[in-house]
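Those protein sequences? They're chains A and B, same order as listed. So that you can map any letter, position 97 of the first sequence is 97 in this note's numbering, and since no number is skipped, the others follow by simple counting. So that you can map any letter, position 124 of the second sequence is 1124 in this note's numbering, and since no number is skipped, the others follow by simple counting.
The reader is advised that the hints may include incorrect statements.
What the hints assert, rightly or not - Heads up, simulated PhoX-like pairs for lysine-lysine below, C-alpha to C-alpha not over 25 Å straight-line:
| hint | chain 1 | residue 1 | chain 2 | residue 2 |
| --- | --- | --- | --- | --- |
| 1 | A | LYS127 | B | LYS1189 |
| 2 | B | LYS1212 | A | LYS509 |
| 3 | B | LYS1230 | A | LYS606 |
| 4 | A | LYS509 | A | LYS172 |
| 5 | A | LYS633 | A | LYS83 |
| 6 | B | LYS1189 | B | LYS1082 |
| 7 | B | LYS1328 | A | LYS645 |
| 8 | A | LYS304 | A | LYS242 |
| 9 | A | LYS381 | A | LYS461 |
| 10 | A | LYS481 | A | LYS458 |
| 11 | A | LYS569 | A | LYS83 |
| 12 | A | LYS524 | A | LYS437 |
| 13 | B | LYS1328 | A | LYS651 |
| 14 | A | LYS645 | B | LYS1189 |
| 15 | A | LYS207 | A | LYS142 |
| 16 | A | LYS347 | A | LYS485 |
| 17 | A | LYS606 | B | LYS1212 |
| 18 | A | LYS506 | A | LYS232 |
| 19 | A | LYS199 | A | LYS437 |
| 20 | A | LYS230 | B | LYS1212 |
| 21 | A | LYS142 | A | LYS569 |
| 22 | A | LYS506 | B | LYS1212 |
| 23 | A | LYS509 | A | LYS142 |
| 24 | B | LYS1212 | B | LYS1303 |
| 25 | A | LYS417 | A | LYS458 |
| 26 | A | LYS506 | A | LYS172 |
| 27 | B | LYS1189 | B | LYS1003 |
Derived by calculation from the structure, the hints in this document are not laboratory data.
For reference, the chains in residue letters:
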Amino acid sequence: MKKIGVFICHCGINIKDTVDVDRLTEELADYPGVAYIENYMFMCSDPGQNHIKDAIHERKLDGVVVAACSPTLHESTFQTVLKESGLNEYQMEIANIREQCSWVHTDIEQATHKAKLIIKTAIEKLKLNESLYPVSAPVTKKALVIGGGIAGIQAALDIADAGFQVIMVEKKPSIGGHMIQLSETFPTLDCSQCILTPKMVALSKHKNIKLYVNSEVESIDGYVGNFNVKIKQEALYVDPAKCNLCDDCTEVCPVLVPSEQDEGLSWRKAIYIPFPQAIPATYTLDVENCLGLEPIACGKCREKCIAEAINYDATDTIIEEEVGAVILATGFDLYPVENIPEYGYGKYPDVITSLQFERILSATGPTGGEIYRPSDGKVPKEIVFVQCSGSRDPEHHLSYCSKICCMYTLKHAKLYKHKVHNGQPYIFYIDIRAGGKRYEEFVQQAVSEEGILYIRGKVAKIYKEGDKMIVIGMDTLSNKKIEVKADLVVLAMGIVPSEGSHDLVKRLKINTDDKGFLSEAHPKLRPVESLQAGFYLAGTSQGPRDIPDSVSQASGAAAKALILLSSDKIYHSPIIASVDEDLCSGCAICVGTCPYGARELNEVSKVVEVNEILCEGCGACISACPSGAAQQKNLTDDQIDNMIKIIASGK
Amino acid sequence: MAKPKIAFYWCASCGGCEEAIIDLHEDILKVAELIDIVFWPCAMDFKTEDVKNMQDNEITVCFINGAIRTSEQEEMSKLLRKKSQLIVSFGACSQLGGIPGLANFWDRESIFASSYGGKCPSVDNPDGVVPQEVSEVPEGELYLPRFHNTVKTTDQVIDVDYYLPGCSPAPYLTMQAITTILSGDLPTKGTVLAPNKALCEVCSRNDSKPEKLSIDKINRVSLVEVDPEKCFLAQGIICMGPVTRSGCNGENDGRCIAANMPCRGCYGHPSEVHDVGAKMVAALASVVGLEDEEDMSEADVQKLLDQIVDPAGTFYRFSLAKSYFRRKIMTDSKEEK
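Input sequences plus hints: build the corresponding full structure.
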């Protein structure tokens, strides 16, 4: 039988005041298996650890039970003590007599009795513990970045600059994301494209980055450090290598399509370049709107193309890549404005979304940066901005604050004032949330110097009267109904996870929160890691945030990915599932219950196998296994049985 | 040299296990050549006195079938243990309590009330006479064995060396067991003399199970047309195969499966299973509604599980007496020592 040492910690008075540690020491001394027992004021202190080390050597102990606080706190401390003493660290068990005993009880008699049972269960478990070693696997030193917005771009550049290969997959024909649509950025009012395009160019020229646009990730198999990625790339009807950007094709293309880049405020052709600085720099053919890839149906662009870049016979391709880490930067979309019919979007051309207004403000937008309203091209003299359009309305729309709308609306109002000096912006708001570096100053300056009128309240209804938009709302400060006649209304739409991300995360089995944003592993301490090992989160895929936050988070995610990529091997806790081949009947009931895809029926041996790297040790398969073939290492049915027997006996 | 002596005895059983011995057919003649059957009350005329008069350990091996329901069965088992070198617990009732073990959902009083108290339509007992351990008759006193409150397995009463599972044990396994024991090359004490893998191992329907088994409706064989080639669980029919040892029909489909009926679990559990019912409940709970798990409310899950008719009788059909629970809770005063 194992010679077990039991070390009872007082935790100062935390345990000792409620649990009679001396009596425990006396009563457990004769318990079968206990070769040594003591109690001490702070087991986690250096002298405390030395007590354990000395006892291991002097008493030739095979295992150690530390009766102290929760294993989440000092498990690794005491595991290290065992390792340093030449024992396997999995021959150490923590009996949690603080959080689960002394802290929740007051009666010394009962608490002492309970502590005794807890320690006995730990002893019984330890008796059957095997010596285990962390599972290791090699690492593919390459990262996949999904999404080519600012967050994805930043993460890709950071990883590539550190010397690792990056695969970037972007669904649209160009990288740049939403940031490339913006005019200026708050609170500095520097030009969004001017600060973003250098990064886009750097990415396209980077020797370590391979970019796939018009592409989507179909599947990711494998496990942390060793993922196999399948990427579906839509047919490249225009060969980027041959396209010379001459623009002849768009001149002859007869099809007009509302421009995505301009949020429908302008038209593009079915063959087009999304915007002048697009990366990759090439025209692209929108097959859904093209008249038909058939020379009989149209074929004008191919005739016209002197570079012979257009190939109607191109087909979709599946590209396979191996990577070690994945960064999810799938971005956001605006909350669907049609969900708020009372604001009249779609019915009145002069009710527009915030992103549309960004395009109107932008020098590369449909109006060349001049502010005209869509209906009749007049310069709007009064504009109403409606904050929280869709946000902070748990009964009807989004429950959360979209975080960026206060600031971008203010930016809109300022830029408007800079262009239309005699114009009057009104902003309906609930609160002004300006928590960020220089944000509050940005607000104060606008209110005191720019003549922007803030109206505290929500807008109930928007309708048209003559050529004015009537905005009806409630001023919650004066408690009066308020009516503003405006030439243009801009809805500061809330943001939601991007449409494409929903299917993607389902395919990849990535956890999301109830809003569909990707879940971080810990809200405070692991904000850029997913719960799924090897997946990291960047940008608005995880929640609403502005550009500086997205960039910092992307760099954080890149740093986390780099930790993985720069290790030669990855290690994984060995407290995972195992299968006894002599017992497994191949019934495979367990296979479907594994949330990590770590179990598979070997079709030859007809026995289920565990992928030890994928297995997170959750135990779902263990309870599903009807034959007892599946056992959790160091938490076997026999061990649990013995522990239950102690507790059930009450002795 | 004297031939090895073999005994067969029955306790609370249906007689099927005796049949299982007869089912050895000609093989029984081979056995008979090698051994002396010294006690087999079902087939030959022996008296208890004959056994009492034997030397201790005189019997090489004694096969006991049936559960322990009465004091007589308990006494006989103890006597045979004393006189035998080896005891083989034979059949599901002896090993696990079997069908008689399901009586542990009641106690003596309620069973008597049900069987003799007018509730049983085939019993004509207007005076409500209930069996007595001692009855006064003109000739003197008559004795009946005591009817225990709790049905026990053989190994809950005496020390058992080996187990032959099944309701009833397959003749080929019985033959293998006898041959092995006679060879003198004895397996480890406590061994169950049957394959240790669950029935799915040999089931020809196992491949028809979907990769992700998810049960969205519980069906019963009497109410649906059963697909003769598809895994029962995949059809929503509770089959105890995954939690039950194989071996009832050699390397072929289980005997019930071959007859297009789901496994009921008579072969008992593989060695690492501590409690058959708990294991099967855990397994089923893991796959019931698995596909739509995220969209199901607590009430939806409850509704699905409520479709399981007689869960205790389904999951513990043969193993209640040997389960963690063993029986329905009784007040201390009722339970005999």
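Now the hints, each set against the structure:
As the CA atoms of LYS127 (chain A) and LYS1189 (chain B) are separated by approximately 23 Å, the hinted pair is consistent with the 25 Å bound. Simply put, LYS1212 (chain B) and LYS509 (chain A) have alpha-carbon atoms about 15 Å apart, close enough for the 25 Å limit, and the pair holds. Our distance criterion of 25 Å between C-alpha atoms is met by LYS1230 (chain B) and LYS606 (chain A), whose separation comes to about 18 Å. Distance hint between LYS509 (chain A) and LYS172 (chain A) is fulfilled; the C-alpha atoms sit about 23 Å from each other, no more than 25 Å.
Between LYS633 (chain A) and LYS83 (chain A) the alpha-carbon distance is near 19 Å, which keeps this suggested pair within the 25 Å criterion. Distance check on the hinted pair: LYS1189 (chain B) and LYS1082 (chain B) sit about 17 Å apart at the alpha-carbon level, within 25 Å; holds. The suggested pairing of LYS1328 (chain B) with LYS645 (chain A) holds, with an alpha-carbon distance near 19 Å, which does not exceed 25 Å. Annotation: proposed proximity of LYS304 (chain A) to LYS242 (chain A) holds, straight-line Cα distance about 14 Å (limit 25 Å).
Distance check on the hinted pair: LYS381 (chain A) and LYS461 (chain A) sit about 20 Å apart at the alpha-carbon level, within 25 Å; holds. With a C-alpha separation of about 10 Å, the suggested pairing of LYS481 (chain A) with LYS458 (chain A) holds against the 25 Å cut-off. With a C-alpha separation of about 20 Å, the suggested pairing of LYS569 (chain A) with LYS83 (chain A) holds against the 25 Å cut-off. Restraint check for LYS524 (chain A) and LYS437 (chain A): the C-alpha separation of about 21 Å stays at or below 25 Å, so the hint holds.
The straight-line distance between the Cα atoms of LYS1328 (chain B) and LYS651 (chain A) is roughly 24 Å, inside the 25 Å bound, and the hint therefore holds. Of the supplied pair hints, the one linking LYS645 (chain A) and LYS1189 (chain B) holds, its CA atoms being roughly 24 Å apart against a limit of 25 Å. A distance of roughly 13 Å separates the Cα atoms of LYS207 (chain A) and LYS142 (chain A); the hinted pair therefore holds under the 25 Å criterion. Distance restraint check for LYS347 (chain A) and LYS485 (chain A): the Cα-Cα separation of roughly 17 Å lies within the 25 Å cut-off, and the hinted pair is therefore satisfied.
Taking the CA atoms of LYS606 (chain A) and LYS1212 (chain B), the gap is about 16 Å. The hint holds against a cut of 25 Å. Distance hint between LYS506 (chain A) and LYS232 (chain A) is fulfilled; the C-alpha atoms sit about 17 Å from each other, no more than 25 Å. With a C-alpha separation of about 23 Å, the suggested pairing of LYS199 (chain A) with LYS437 (chain A) holds against the 25 Å cut-off. For the hint pairing LYS230 (chain A) with LYS1212 (chain B), the CA-to-CA distance comes to about 22 Å; that is within 25 Å, so the pair holds.
Proposed proximity of LYS142 (chain A) and LYS569 (chain A) is supported: the alpha carbons are some 14 Å apart, at most 25 Å. Between the alpha carbons of LYS506 (chain A) and LYS1212 (chain B) the distance comes to roughly 16 Å, so the proposed pair stays at or under 25 Å and holds. With a CA separation close to 21 Å, the supplied pair LYS509 (chain A) and LYS142 (chain A) stays within the 25 Å bound. Distance restraint check for LYS1212 (chain B) and LYS1303 (chain B): the Cα-Cα separation of roughly 21 Å lies within the 25 Å cut-off, and the hinted pair is therefore satisfied.
For a cut-off of 25 Å, the pair hint linking LYS417 (chain A) to LYS458 (chain A) stands: about 23 Å separates their Cα positions. A hinted pair counts as satisfied when its Cα atoms are at most 25 Å apart, and LYS506 (chain A) with LYS172 (chain A) qualifies at roughly 20 Å. Pair hint LYS1189 (chain B) plus LYS1003 (chain B) holds up; C-alpha atoms about 23 Å apart against a cutoff of 25 Å.
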